[in-house]
Amino acid sequence: MTRLLREHPSIDVELDSDGELVAFRWNGRRERIEVCNRWRVEEGWWSQPIARDYFKVAGGSWLALLYLDRVDGTWHLERLYD
Amino acid sequence: MTTPPPNVESALATLRERWGGAAPRWGGEVVGALAVAPRRIPVLDPDDLPGVPGLPATPNDRAIPTGFRALDSILGLGGLPRAATTALHGDGTSGKTTLALQAAAQAQAAGGIVAYLDLARSLDPVEAVARGIQLDWLVVLTPGSLEQALAMAAMLLQDRTVDLLLLDLQSRPLDGSGVSAATLAERFGRLAALARRAGVQLLVLEPPNLPSALAGALTQVAALRLELSRRAWIRLGRDVVGQLTQVRVARDRFGPPGRAAQLRILYAEGGLRDGCLTRSELLRENGSEPMGRLGIVGGPGFARPTVVARPGEVALAGDGLRARVALAGDGSRARVALGGVAPPGGSRPSALPSTTRSSPPLHLTAISVPDHATPSSSLAPPSPPPGSGQSFRAIRGGADRSGRQALDGRPSAGREPPGARTRGPARDAARGGP
Amino acid sequence: MPLGAAHRLAPEALFLDPDPAADAAAMKAALDRLAGFSPGVVAEEDVARPGFGRVEVQLDGLERLWGPEPLMVSRIGEALAGILPGPPLAGIGGTRFAAAVASTRASPAGSGVGSGSASGSASGAVALQVVEPGADAAFLAPLPAALLSRDPEVRARLDRFGLRVIGQVAELPRSAVVARFGPEGERLHARARGEETDPFRPRRATERLVLALPIDPPVTDVEGLRFVLHRLAAAFGDQLEARGAATARARLTLELDRSFSAGDVPPSVVIDQPLPEPTSEGLAIERLLIARLEATPPRAPVARIELELRDVAPAAGTQLSLFTPQTGRTGRLGWQLARLGLRFGEDRVGWMELEDTEAALAEARWTWRRVPSLVDCAPDPGHAAASGAAHAPGRTLGPAHAPGPGRRAASTGPHGPGP
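Chains as they are written, first to last, in my numbering: chain A, 6 to 87; chain B, 225 to 658; chain C, 950 to 1368.
Derived by calculation from the structure, the hints in this document are not laboratory data. Treat the hints with care, since some could be wrong.
[Said to hold, decoys possible] Among the chain B residues that face chain A by a calculated CB cut under 8 Å, a handful are:
| no. | residue |
| --- | --- |
| 1 | ALA344 |
| 2 | ARG345 |
| 3 | TRP457 |
Here a beta-carbon is modelled for each residue, glycine too, at the ideal position from N, C-alpha and C.
Assemble the whole structure, with the sequences as input and the hints as a guide.
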């Protein structure tokens, strides 16, 4: 079961030298993660474009779904697997 | 390293021209993952499959089954007690939400109406339905604070219009409350007593680090307290598709405490993939083991054959590699075409690059795709994880209408310089929800 | 009878020229005044018809507002004083027929309260004959059988069969009466036995039921309003149940006492509240409106409260699904969720509904379904409140049924006799 965080809270991420996700920070906690799946979603290019790069990440405490909002460059947390 | 034959060289050149750095390379490097789906979906184990409430156990007058037979067998009443409070304690990935929703589905199947106090505003209805929840009989309340949640719950209990009340405490339950933890704890105690008198089942999702007053109140009123902890991930290839969770009975007013059971939870997405996950031979459990490498079925050096999907059902995904799987005559081998839609008759995969002999055993990732996959933007080669010399990229192909595409390996191509750094949020994005 | 004959009979009588227009106006005024006592009023308003002058008032549940029946009638009499040319004669019975007959038996000399007393005494300014509940048949038994019907042919036949009093008709088997009088015999027999034959259907607008009460001194807290609202809602509930009707909408108007209020307090507050489902339960209506008031209390003391029920229609039943055990509880759940929504905010209660489960974005895969009947309560300086949510057709529970036995009063004006 995943928790779908409806407000998609903003998060801080850490990228390595190759630009790959290695950690993210949320709710005052930092979690080192590995990416186990990723995909892109693009919609609404004709009106209100939505472009997100999704990353399913696994860490010691969390299995989460993050995304990079390619429109404004922000990172968000969408799901926690519980 | 051997030199590729001319026809392969030519094919690779074509792919490089089209896909750039994402094109497969010859010899010893990851060329992608083969997506397969089982030919037949076997009988589902209710303990594993999302969306199927536990079949063998049946509700009785005193308890509702959890949907996990292994867990029900160690509980004093054979399930979660009716007219009593149950606390599920565990951290963010312990599986307590899955367990709670599975139990709620059981309650509904027994004719009950469930109210979900979604303090964390995180209920996913798609997955709830995949777990067997009937949304028509799931009332969702989104209180602004724990104080408000308790008031709402009290009103529900007074009228006895629901049978199960799920209270999902967020990780910081005091946020937004105008009263002290002690007051909240006292109100919570009264709520539990009200539930008992009303004959309503109260199920509380207890996060770690609950304020001590609240935690104490919960400990006091809970007739059943289960502690959940994740033991291992369940992986399908590199992807994490489930987890093994240990449930320990910390307290059971109706039976002996201390017993434990292991639950095998597969995450539900409500789509075709849920059925694919039952292929146990494709799943493996691991804690923190390094990821294995991936190869293409049928290629030289590939360790074992694999049943493939029906034609057109599955798309390959890899580093710039897209193809359609064609069913081989004996069903034991995939014929793969490179770089696009499979030509009639397919082409033998003999030209595919292979992994080196010293590579570790290959693993497969199952990706279910309802529609044809279309080539999309180019992909950058993946970065190998430390130590393995290999890397992995799995792409979820999708129908055109969904807009999903293969992922550009660079998070924001051309916009961010490389190097480890911390990226902060540009702004909060409030999306979705009521 | 001709005027000359009347003169011979009563030489001392004063004979007035009829004034149909004045009579009709007086009747209308009387009915308007009576509407303030009961939402159920029936009268023949055509001066040319034989029944003109008889008014029937439904009293079910009104004792909570106006006191015991004799006191109610007394207050009605006071209200009608000056409108009607003379004191009315009133009868209270369990059926319309019994009440009408009782009213003809009331006499200014004294009141008759009992099963067979023909004496009457004034209750206030109104002569009143009360038939005890359940004693209608006993009251009617000794009375002439000719009262059972206006039809001269039926009266003649009753006489031919030797049926002189109503009790004799009541003692006969129903089949025997029907065999000799046809379908009319069924009505005769039922009337004689104290059974209702003509359901009470007020001729005045049935779409709206309105009751109002002044509050003196004005109340400032919701608890005080609850006390008054409870009486109004309960009275309505009895009325609706007696008629087999249900309402789908309630409108509460609070007139405010702004004498000591600062700021721009409106003169009244109007709450237009669709109900989760048509109902005749006064308590459910009350609780919902109180939840609304608790969410948005009035800003000044309330000096008058008016409760109006709209969209009143016969209650209907619904076939419940056999295989969905939760279905039978949706009505009650709907009410409770409406109260929760009113109390905590309508955006905090609802259901989730799946839309496009294949949508790429998670937020596009589902949507919220709000509780119907939750609208915003906005103080209205005028009379109309904004109604934000469309009223969803509710499901009704409970079988359709004919109006049950109730208590009614039939009062006659000075112009006409009873049935």
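The hints, checked one at a time:
no., hint, verdict
1, ALA344, "holds, 7 Å"
2, ARG345, "holds, 5 Å"
3, TRP457, "holds, 6 Å"
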